[in-house]
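We have chain A; now place chain B onto it with these hints.
Protein sequences, first through last, are from chains A and B.
The opening position of the first sequence corresponds to residue 1 in the UniProt record's numbering, with each subsequent residue numbered one higher.
The opening position of the second sequence corresponds to residue 1 in the UniProt record's numbering, with each subsequent residue numbered one higher.
These are calculated hints, taken from the structure and not from any lab test.
Worth double-checking, as some hints may not be accurate.
Claimed, not checked - Computed beta-carbon distance windows for the label pairs: (1) B:Glu116 to A:Arg162: 53 to 61 Å; (2) B:Asp183 to A:Leu345: 47 to 55 Å; (3) B:Ala13 to A:Gly211: 25 to 33 Å; (4) B:Gly119 to A:Leu293: 26 to 34 Å; (5) A:Gly158 to B:Thr23: 35 to 43 Å; (6) B:Ala13 to A:Arg260: 27 to 35 Å.
Said to hold, decoys possible - In silico contact screen, one side only, chain B against chain A (beta carbon under 10 Å); selected entries: (7) Lys25; (8) Glu50; (9) Ser65; (10) Pro80; (11) Asn90; (12) Val94; (13) Gly98; (14) Leu99; (15) Arg240; (16) Asn242.
Idealized CB from N, CA, C, for every residue including glycine.
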Amino acid sequence: MADLVVHAGLQAPGSRANGARLLTLLLLVALVGASLMSLAIGASGTSLWRAFNDLVSGQSLSLRDQVVLWDIRVPRTVLGVLVGASLAMSGAVLQGLFRNPLADPGIVGVSSGAGLGAISAIVLGSFLPAVLAERLGYYLVPVAAFLGGWASTLVLYGISTRKGRTSVGTMLLAGIALGALTGALSGIMVYVADDQQLRDLTFWGMGSLAGATWTKVIAATPLIMVAMLGTPFLARALNGLSLGEASAAHIGIPVQRMKRLAILAVAAATGASVAVSGGIGFVGIVVPHLLRLMVGPDHRYLLINSGLLGAALLLIADVISRTIIAPAELPIGIVTATLGGPFFLWILLRQRGLVDM
Amino acid sequence: MLDAKDITVSYGARAILHGVAFTAKPRQITAIVGPNGSGKTTLLRALTGECRFGGRITLNGTDISRAKPWELSSVRGVLPQAIALAFPFNVAEVVRIGLQRGLEAQERGLISRALERVGLTGFADRLYQDLSGGEQQRVQLARVLVQVWHPVRDGQPRWLFLDEPVSSLDIGHQLQVMNIARDYADQGGGVVAVMHDLNLTAMFADQIALISKGRCLKQGTPEAVMQNALLGDAYHCNLRVNTAPVQGAYLLPHTASLTVEERG
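Looking at chain A on its own, in the form it has when it is part of the complex (with noise of 0.2 Å):
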């Protein structure tokens, strides 16, 4: 028994992990085409490969071109990616965490926990005291949008999840009871909130990336970065969590520090999304649920595929938001929305096993 026979082969017999590194390629290379397409589409005439010609032979851009590029679709292809990401990764670590494929930010109501902190930073923030709104900045709405997420995700984790079992009933109703009363919250702020901050609230409340200028670039970045650079550190806490609380904490995970930080993460992306782009749903169930179907739910593999694959996704799902009633623009979270609505009642039919794919 003691002795190990070190087999032949590349890995180990019924692993797709290789499968799901070559996917992890495969994405990068669409997440960068779909990165030019997002720059080089887009309302006005302004043209990618001529901007790009004019620049390799040394001359300068015009203006137009300079604004429709560096100030528009720049800052708004930069948010898509960084969006699209952090809603992709925030619902694999959420159905990890709640061992569930059906959650998601934007259904089980962290992502209108978060909009309740944007909301109240613009209605409020003018009451906070000076030297605060101050040293906060642009940071502000994004700050308040992750606090609110975060406080919503630990109500829902603590009503949910008795023992370290979580009861799906109970964490899709209770969503829907967070997400009436953050929703009703809201329209208390919105209520009470005077003629700029009902503009402000407009804007923001979109669900699009049409806002996106480079101060919302630099807004949500650091809050985003920190929750997809800390996600990568989950995966095997994940996996182990898969097994049921006891039995992870049976293989050596520090359990109740890894859901901490687990929930920590999906707030901070969430939020800081939700705070720059209001909310845009189903990217967050309809991308893992994908990966998971492709190569499977090993979480090592799972999360930064799910970056990839969301960051790709919404950046396509952004370019037909802005072409398909062009010059006008057709909200993102609608075009999310018709093509996630039809998947997630897949999934519940799947899950019935009414459809047999």
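Okay, now just chain B, sitting in the frame of chain A:
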């Protein structure tokens, strides 16, 4: 050496264990038996640090309530009764979850060997959720074996804690799993198993702790514990202990009759 003194466990206001003493030695299989609801599984939970308890438990001299999760996980693996997974892991991926840090280089060999050990060679690619209950139980045993593969490390024994490891297995696989436990003990490790089947317990255990109503009625050799009066007391029925006439033969259990294999 596993040494538990004066263990009390309560769930809310209800006391489950009232001052249980329990010891287990390396190189032995120590079985915990008792009727339903007697507190067997709760005792195992306390011994593995899974639930809060009063009293003191030391494993290899370390107080388990002060040990870090990874310190415990490097010396003992725990097999629960049943595990349902939320995601479509395949068999090899489930077994891999047991792999401790620093052993990634041996991953391939360890997983194959563990699956071979539990008789599931060729199952690596199968989805866990598609397996039968008995097969899932053996996949989980393979995962636990991968965690503490070598029964002795750095001169310290390692331990298997098994909660009804044969509950959903047919008789052939019951014997296979108990033989894995036997081998682990023979090579210097320790095994603590909650058991339901008294016949199987008598065949394989070196020590038996008989639990009833949250107390340990007796801990000792099978000969000392498998007594008509003692078992009758614990299980509230008339039991007659028979001795198997031929060493090594396994008699199928029949009503109110037990066989005890004579050792040495």
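Hint by hint, here is what the structure shows:
no., hint, result
1, B:Glu116 to A:Arg162: 53 to 61 Å, "violated, 38 Å"
2, B:Asp183 to A:Leu345: 47 to 55 Å, "holds, 51 Å"
3, B:Ala13 to A:Gly211: 25 to 33 Å, "violated, 57 Å"
4, B:Gly119 to A:Leu293: 26 to 34 Å, "holds, 30 Å"
5, A:Gly158 to B:Thr23: 35 to 43 Å, "holds, 39 Å"
6, B:Ala13 to A:Arg260: 27 to 35 Å, "holds, 29 Å"
7, Lys25, "violated, 20 Å"
8, Glu50, "holds, 5 Å"
9, Ser65, "violated, 13 Å"
10, Pro80, "holds, 6 Å"
11, Asn90, "holds, 5 Å"
12, Val94, "holds, 8 Å"
13, Gly98, "holds, 6 Å"
14, Leu99, "holds, 9 Å"
15, Arg240, "violated, 38 Å"
16, Asn242, "violated, 33 Å"
When the structure is compared with the earlier hints, violations turn up for hints 1, 3, 7, 9, 15 and 16 and for no others.
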